[in-house]
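There are 2 protein chains.
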Amino acid sequence: MAKQPKNAIEPTRAVDYPEWYQQVVKAAELAEASPVRGCMVIKPWGYAIWENIQAVLDRMFKDTGHVNAYFPLFIPKSYLEKEAQHVEGFAKECAVVTHHRLEAGPDGTLVPAGELAEPLIVRPTSETIIGEVYAKWVQSYRDLPILINQWANVVRWEMRTRLFLRTAEFLWQEGHTCHATREEAEQETLQMLDVYADFAENYMAMPVIKGEKTADERFPGAVNTYAIEAMMQDRKALQAGTSHFLGQNFSRAANISFQDKDGAQQLAWTTSWGVSTRLIGALIMTHSDDDGLVLPPKLAPRHVVLIPIWRKDEEEAQVVSYCQDLAKELRQVEFSGGKVRVEVDTRDLRGGDKVWQHVKRGVPIRLEIGPRDIASDSVFMARRDKSPKDKQGVPRAEFVAKVASILQEIQDALYQRALAYREEHSHDFDDLESMLAFFTPQNADKPEIHGGFARAYATEGPEVQAILKQHKLTARCIPLGADEPPGTCVFTGKPAARRVIFAKAY
Amino acid sequence: MAKQPKNAIEPTRAVDYPEWYQQVVKAAELAEASPVRGCMVIKPWGYAIWENIQAVLDRMFKDTGHVNAYFPLFIPKSYLEKEAQHVEGFAKECAVVTHHRLEAGPDGTLVPAGELAEPLIVRPTSETIIGEVYAKWVQSYRDLPILINQWANVVRWEMRTRLFLRTAEFLWQEGHTCHATREEAEQETLQMLDVYADFAENYMAMPVIKGEKTADERFPGAVNTYAIEAMMQDRKALQAGTSHFLGQNFSRAANISFQDKDGAQQLAWTTSWGVSTRLIGALIMTHSDDDGLVLPPKLAPRHVVLIPIWRKDEEEAQVVSYCQDLAKELRQVEFSGGKVRVEVDTRDLRGGDKVWQHVKRGVPIRLEIGPRDIASDSVFMARRDKSPKDKQGVPRAEFVAKVASILQEIQDALYQRALAYREEHSHDFDDLESMLAFFTPQNADKPEIHGGFARAYATEGPEVQAILKQHKLTARCIPLGADEPPGTCVFTGKPAARRVIFAKAY
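Keeping their order, the protein sequence lines are chains A and B.
First residue of the first sequence: 1, per this note's numbering; consecutive thereafter.
First residue of the second sequence: 507, per this note's numbering; consecutive thereafter.
Just to be clear, a hint being listed does not mean it is correct.
Below, simulated BS3-like cross-link-like pairs (lysine-lysine); rule was C-alpha separation at most 30 Å, straight line [to be verified]: (1) A:K360 x B:K908; (2) A:K62 x B:K908; (3) A:K360 x B:K1010; (4) B:K866 x A:K261; (5) B:K866 x A:K354; (6) B:K866 x A:K62; (7) A:K136 x B:K860; (8) B:K845 x A:K339; (9) B:K860 x A:K26; (10) A:K360 x B:K568; (11) B:K568 x A:K328; (12) B:K908 x A:K339; (13) B:K767 x A:K62; (14) A:K312 x B:K767; (15) A:K354 x B:K767; (16) A:K136 x B:K512; (17) A:K26 x B:K532; (18) A:K402 x B:K568; (19) B:K532 x A:K62; (20) B:K512 x A:K26; (21) A:K339 x B:K834; (22) A:K62 x B:K860; (23) A:K136 x B:K866; (24) B:K642 x A:K354; (25) B:K834 x A:K62; (26) A:K261 x B:K860; (27) B:K767 x A:K261; (28) B:K642 x A:K62; (29) A:K402 x B:K845; (30) A:K339 x B:K642; (31) B:K532 x A:K136; (32) B:K588 x A:K82; (33) A:K6 x B:K818; (34) A:K26 x B:K588.
Which chain A residues stay away from chain B? Per the calculated CB distances, all over 12 Å, these [to be verified]: (35) A91; (36) E93; (37) I121; (38) E334; (39) M381; (40) V400.
Calculated from the structure, these hints are not laboratory results.
Remember, it's a predicted structure, so these values are computed and weren't measured experimentally.
We treat Cβ as the ideally placed atom computed from N, Cα and C, and that holds for glycine.
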């Protein structure tokens, strides 16, 4: 067996993909499990990525006419109960507030006291509480549309949690819009799906498939759910964002009604759409490698890190000052609607330790700068999308002139690599047997990495669900705009209107 | 009696100050009570102000070396119990999560199920949970300092709530830092107090007094609490931000200890500091008038609103297009680290209704533009800090050239007006009788507006507390840097080291 190059992350993706994921999260200092069951601590480096995600999405939402607002954390139990499918979907895993103080119990310890007349649910999503508020705001067609987004925390009491991918509490944004017509609400739903796809592809460098969810995978209470689906490096699908056309289900439950232009009373049409800190999990699993996190430059908290290297104490001042000067110059360069974000790492640590820390944290460009580089007025550059050993000397002026285009090159390279990987592992199937073979591990060395996206004609219903469940597969989505002739369902042999994408999924 | 000018807000401040406040919040569409007891809905205009507050503070925090992170919403009951004063301070009013699902009860309705082994408290503040996490992060002096801020929602089960000023759930930021030495932690505490004062004075245009809290007013568990105190227009004090030196109290409770440079084990020194959506209440009560909200330009969601006015249908296109052009030009102008924020109000509404809506919402500059103004290439300008009737024609080019300086002029004028008001109603007292007279309503026409800030030598203790309580007064703070000789306590006649500011308070 050939000698393996040493990797910063153990185990590698091939050996144990789920554990590799946990180790990348740890090595990049993104998040950790908290002492509170199921809740995570998002550490500064992870939170800085979230701040960048927020900044870009928030601008996109505002550019499409939305404004932000804030609604209560708590939902009275009776509100949740108003929409039958909705409560069915969320009642099984929700945090319930039943008391409003603590007081000394018989044994001296504090016990819950002040029982509430009606229990409050910590919001798992806010359709019901926002619906109650909109019902008060909407009287006439002139009050519509309402185009509001909320940045918030939500809680779903998950039993098996995984940092970023599935936690009891997570951060997200939830858009809630309200319209006078079905058409307008449907357009809004699809518009926000497009915004999410644009964000995923052009900022996360993550190719996605836009599609409609099958009935079984719909948001509880929605008429239609649309999603963007991405392929992770273990070839599983990850739903990265959803946009729901809620029809009149929630406006009926909360009585959001208005007088139309003709004086008739109508129920409003609503939508909701959201992405969460789960996107950070998607980011990790799309690009990272066996040396740790790889970040698309547009979302990286730092674009360039400068690592001053010196041997003799008398060299330190010169090297550090050269780096500070260069950093100042680089911070003037425009990239992706802002300036290049630069760090000079002057910590009292070995150069090699610093390099590996920045590799593991996914900084797109590292510059190592020592007295010899200064003498030749150049920098020693390494790109995170290439091997850690692949370093090259670049004249300083050339680097400054090119840094924005190098960052864009890295951004594009990550997207192309992810797209090629997805295409390589996406196949059409016309019979169940070959489709199931596709999902059977072929390589004992890579137990977690197999399968991919299988496109096949399919119907919906209990029979199909049973087969999917048996093989741990899920219908990911019906891709939009496929425009294919009808075919035959691979599961039932019945006529099927369209192809569906199947995959194992997060 | 002279004829009163008609006001947009009823009642006026003089007639019923608390009700005036509620009506301004309503008329400016800032927030409303939600269907969930004690929780508010922050409406888009109110939330946009909060976003501006966040943007400025977040930059200030980062400029002073802090990073953001996120910690769990829930705090296990046992953590809260670790610091005796802390739990004493918060146990009486906290939301307690006791169950993690709902299931059908005997009568078919859903009832809480899945009782938790240990109740969770919805964070009223995060010292205890963050302390537990820091205890894991801190091993050596090399891990210090930790300089972290969190933007989050918190819950304190207030029985008597008031929009922005006191609500069960509110939004805030809480900084939590951890240091190797007492000196460094004390410096951090005072540095953040300075940041808050800078923000209050230079962005909110709200003069504040920086001071130390007396023992009775300290944060539960703190060694020292510092605050910025502002005077509202009813002359009551409002605590607008606090910075706490926590000593080793929380590091002892959570065992945040580290090995110092000499190899000895030490307890860390911590601080915490926060401001909340309460600042919006402070903003309202500092500047607003009987026509509604008045906003300092630096925090206004819109700086300039253009109201196109036309009579004949054929004029509409010309007027609107002139306004759009001017808006485009204005949006290029720099103001307060960004660009001038401009809205063209083209809604199908009467011009007068639009004007009053923008008056009530506090937009700093209104431009009314009709065919005659276009003919003379000028705009008809009104400033929100002046009377609604005070409008003046200004040549368009002159307005564009001056808009940033006019905004700064408004910003400065608001600050100066608030400062003059506070100075007018701040007095030193050497005897209790005259001090109590100061706090006695003198004018039956303005039942809610009286008193102010009384500075008097004072000691602390139950005797002083009893007198204060009897007269509904509170010790606001001991102003920093007063540097006065000792004097005699107005309450007890005992020697007192320093003057304290007393006031009625929010």
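Cross-check of the supplied hints:
no., hint, result
1, A:K360 x B:K908, "violated, 51 Å"
2, A:K62 x B:K908, "holds, 28 Å"
3, A:K360 x B:K1010, "violated, 55 Å"
4, B:K866 x A:K261, "holds, 28 Å"
5, B:K866 x A:K354, "violated, 55 Å"
6, B:K866 x A:K62, "holds, 24 Å"
7, A:K136 x B:K860, "holds, 22 Å"
8, B:K845 x A:K339, "holds, 17 Å"
9, B:K860 x A:K26, "violated, 54 Å"
10, A:K360 x B:K568, "holds, 24 Å"
11, B:K568 x A:K328, "holds, 17 Å"
12, B:K908 x A:K339, "holds, 29 Å"
13, B:K767 x A:K62, "violated, 51 Å"
14, A:K312 x B:K767, "holds, 24 Å"
15, A:K354 x B:K767, "holds, 22 Å"
16, A:K136 x B:K512, "holds, 29 Å"
17, A:K26 x B:K532, "violated, 48 Å"
18, A:K402 x B:K568, "holds, 28 Å"
19, B:K532 x A:K62, "holds, 24 Å"
20, B:K512 x A:K26, "violated, 64 Å"
21, A:K339 x B:K834, "holds, 24 Å"
22, A:K62 x B:K860, "holds, 22 Å"
23, A:K136 x B:K866, "holds, 21 Å"
24, B:K642 x A:K354, "holds, 22 Å"
25, B:K834 x A:K62, "holds, 17 Å"
26, A:K261 x B:K860, "holds, 22 Å"
27, B:K767 x A:K261, "violated, 76 Å"
28, B:K642 x A:K62, "violated, 40 Å"
29, A:K402 x B:K845, "holds, 29 Å"
30, A:K339 x B:K642, "violated, 35 Å"
31, B:K532 x A:K136, "holds, 14 Å"
32, B:K588 x A:K82, "violated, 41 Å"
33, A:K6 x B:K818, "violated, 78 Å"
34, A:K26 x B:K588, "holds, 29 Å"
35, A91, "violated, 4 Å"
36, E93, "violated, 6 Å"
37, I121, "violated, 8 Å"
38, E334, "holds, 16 Å"
39, M381, "holds, 26 Å"
40, V400, "holds, 24 Å"
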